[in-house]
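Student: So the sequence lines, in the order shown, correspond to chains A and B.
All the letters of the first sequence, read from the start, carry residue numbers 1 to 452 under this note's numbering.
All the letters of the second sequence, read from the start, carry residue numbers 1 to 311 under this note's numbering.
Among the hints, erroneous ones may be present.
No more than 30 Å apart at the CA atoms, straight line, and that leaves these computed lysine-lysine pairs for DSS-like [unchecked claim]:
1) A:K427 - A:K340
2) A:K394 - A:K340
3) B:K208 - A:K340
4) A:K279 - A:K126
5) A:K129 - A:K89
6) A:K211 - A:K129
7) A:K211 - A:K235
8) B:K80 - A:K49
9) A:K89 - A:K126
10) A:K279 - B:K208
11) A:K49 - A:K76
12) A:K279 - B:K244
Per label pair, the in silico range of CB-to-CB distance [claimed, not checked]:
13) B:K244 - A:E183: 48 to 58 Å
14) A:A201 - B:D38: 39 to 49 Å
15) B:R85 - A:R214: 50 to 60 Å
16) A:E183 - B:E283: 30 to 40 Å
Derived by calculation from the structure, the hints in this document are not laboratory data.
By construction, the Cβ of each residue, glycine as well, lies at the ideal position given by its N, Cα and C atoms.
Residues per chain are reported as follows:
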Amino acid sequence: MFDNLASRLQEVFAGLSSKGRLSEEDVDGALRQIRLALLEADVNYQVAKDFIAQLRERAIGADVLSSLTPGQMVIKLVLDQLTELLGGKATRLVLSNRMPNIIMLVGLQGSGKTTAAAKLALHLRKKGKKPLLVAADVYRPAAIDQLQTLGRELSIPVFVGEGGIASDPVAIAQAGVRRAVDEMRDLVIIDTAGRLQIDEAMMAEAEAIKKATRPDQIIMVLDAMTGQEAVNVAKAFSERLDFDGVLLSKLDGDARGGAALSIRTVAGKPILFASTGEKPSALEEFHPDRMAKRILGMGDMVTLIEQAQEAALEEEISDEDTERLAAGRFTFDDFLTSIKQMRKLGGLGAIAKMLPKEALGGAALDESKLDDGMVNRSEAIIFSMTAAERANPKLLNGSRRARIAAGCGMTVMDVNRLVKQFEEAQKAMKQYMPKLGAKKKRPKKKNKKKKR
Amino acid sequence: MSELSWRERLTRGLSKSRDRLSGQINSLLGHTAELDEDFWEGLEESLVGADFGLTATEDIVSELRRVSDARALPDATAIKAELVRLIAAEFPTEGDPFQFVPVTVLLVGVNGTGKTTSAGKLAKQAVDEGKTVLLGSADTFRAAAAEQLDVWAQRADVEIVRRERGSDPASVAFETVERAEALDCDLTIIDTAGRLHNSPDLMRELEKVQRVTRDRANDPVFTVLVLDATTGQNGLTQAREFNKILALDALILTKLDGTAKGGIAVAIARELQIPLVRIGVGESIEDLRAFDPEEFAWALISGNGDEGEGE
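Take these sequences, add in the hints, and give me the full structure.
Tutor: Encoded structure:
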């Protein structure tokens, strides 16, 4: 995410910091590089121009030239301004006390509304809501089937218009809200058809749905790969529907996502969510500050930590386990659990993307070399062990190893390698567990943040 | 549909957008007497604003400047004609898969670009031309993708090969080719699941679909990337990655209505030398049109002339 912009800016600053001190031409050169990077990242060209103009003023005001570490100072300025441009503080989805709460999703064709509807329903169910999905896209073939299938998989009910209202999105939306009231559901998510901002009839239809259901929140779903057109789309939808926020989809791609940078400035609407994967659970709250750091290659550790905690919560590690681990008695079952948790975080590639660059030795990451296959093979080997062997790895003598290798279709050498890795992990565990124990206060801190 | 009406349609589509390139270029070319630095910088900005990307923009503008100096182009009109020529020249003209009979076409691309819809429209068009067509739904991932293609199959009155969700897409492709042979089809279109190009597992899966299709098919197999015209610079990355793994044969550019952009198609065509063979300029079936570089370039930079400017 934003990878190229990050590396470009790093390139600029690497050049600057090696000199120690900046001349005015240096600053101009850096600003030009930043502008080019922004443009290549699909930031609207007017937004990029304004950004640079502001940055120049700040740089002069902050007296970058006389600073001892001008490179770092410029980085901080860019970071601050990027954060601001991305919306400042994180904006949360605001739901009212009304029963039911109504969220309406709008956007262009193919932006990912139907998938987003399901993800949002799942996300808010985790927060204690009882959602009802309403299928109001009567145009795209099988759009209703798609939402029904997703609803079935997540055990979330889907309202579908039948009979006289089957082809009337406004009536479907209204009936959906009534259904929610009847069934005591406290949240309605209306999935609407994709529409072009210049399609008068379709925009009028969206207005009619809004008028008929009076949604608490209208969320525009925007493809993170959108180019310069993003601002026109946002402007037009804002004028007609006065939507409340944006859900940025397909951020798991490598689009630099300049659309996200432009949208707040041009349409004045916050970005609420980011969709970061194909799985229904791949939806994050959007954090401008983290995103800005990510843009500058400073990693997104906070997101990673939150996700790891969520994965751990689902797994419920018992106190007994913790004690056993702290004593360094780490078993192959624990190994399996960590593999499972890693998968939940999206595999090695997804984790690596969120790590700061310096953690990866500053090198650009070759994702193809992050081999999830190796993880799968380790898993296969462990699956071929007996329960006793998993609990007590010391049992693994030569003949047992040969049996395990045959059982999983690998060589004894592979098994040996895994056992060796495991022993190293065990050693590392013994070394680090006391330290981890000392940092136990972390999760509490995070809970506090969530309540805000 | 006559030539005039297609041109009108494209022009209309392109001219709808409010922040249009054509308006900007027209005002640049129409009202700037002098071809000074402001003029060239403005032109650069317009092309960037149309998603051409910096590299393509800088190359095209510097070439335009060179030609302008060398031939002492007298005025804005001459420059405009030259710009059209330069843009149009970026597109390879050979290699439309749909000219072959029989042929198998594999539609690939990232999520939400309009692969399934394009498959449906292409099938209907071919049927109307009197061809025997078969559709195959190798998108076994997205919920109801097969149902969506099924609706199109009914509209076009063609057979469809589909399996339940979660099946191996390569096996669906295999069966489709097999069935196409039995039916003696002129055109076989295989729809695949949308996937992000930076997902190695999914790209490998697609590679397998292509390999199985190629191995089984006796007819030529063409792999066509479907690209959303609203895509920005990531479109180039997409095209590069899909091309690296699948060796793309052609491009289809969808959703060109409502946007004066589509400049990314120019950037892709010039870098990868892949022909653009169809463009989608509207929702109806006939709105998926054959591509003409001259018309496209002209529509992209001239639109409806002066009309849109006051907006």
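Student: Next, verify each hint and record whether it holds.
Tutor: Right, here's what the structure says about each hint:
For the proposed pair A:K427 and A:K340, the alpha carbon gap of about 21 Å is at most 30 Å, so the pair holds. A threshold of 30 Å between alpha carbons decides the hint, and for A:K394 with A:K340 the separation of about 23 Å falls inside it, so the pair holds. Distance restraint check for B:K208 and A:K340: the Cα-Cα separation of roughly 27 Å lies within the 30 Å cut-off, and the hinted pair is therefore satisfied. Restraint check: the Cα-Cα separation between A:K279 and A:K126 comes to about 15 Å, which is no more than 30 Å; the hinted pair holds.
For the hint pairing A:K129 with A:K89, the CA-to-CA distance comes to about 25 Å; that is within 30 Å, so the pair holds. Distance hint between A:K211 and A:K129 is fulfilled; the C-alpha atoms sit about 24 Å from each other, no more than 30 Å. At roughly 20 Å between alpha-carbon atoms, A:K211 and A:K235 fall within 30 Å of each other, so this suggested pair holds. A C-alpha spacing of about 26 Å is found between B:K80 and A:K49, which places the hinted pair at or below 30 Å, so the restraint holds.
About 23 Å separates the Cα atoms of A:K89 and A:K126, which keeps this hinted pair within 30 Å; it holds. Proximity of A:K279 to B:K208 is assessed by CA-CA distance (about 22 Å); at most 30 Å being required, the pair is judged to hold. Taking the CA atoms of A:K49 and A:K76, the gap is about 19 Å. The hint holds against a cut of 30 Å. Of the supplied pair hints, the one linking A:K279 and B:K244 holds, its CA atoms being roughly 26 Å apart against a limit of 30 Å.
Taking 48 to 58 Å as the suggested C-beta distance range, the pair B:K244 and A:E183 conforms, at roughly 51 Å. Range check, A:A201 to B:D38: Cβ separation about 41 Å, and the 39 to 49 Å hint holds. The hinted range of 50 to 60 Å is satisfied by B:R85 and A:R214, whose Cβ atoms lie roughly 54 Å apart. A hinted range of 30 to 40 Å holds for the C-beta pair A:E183 and B:E283, which are about 35 Å apart.
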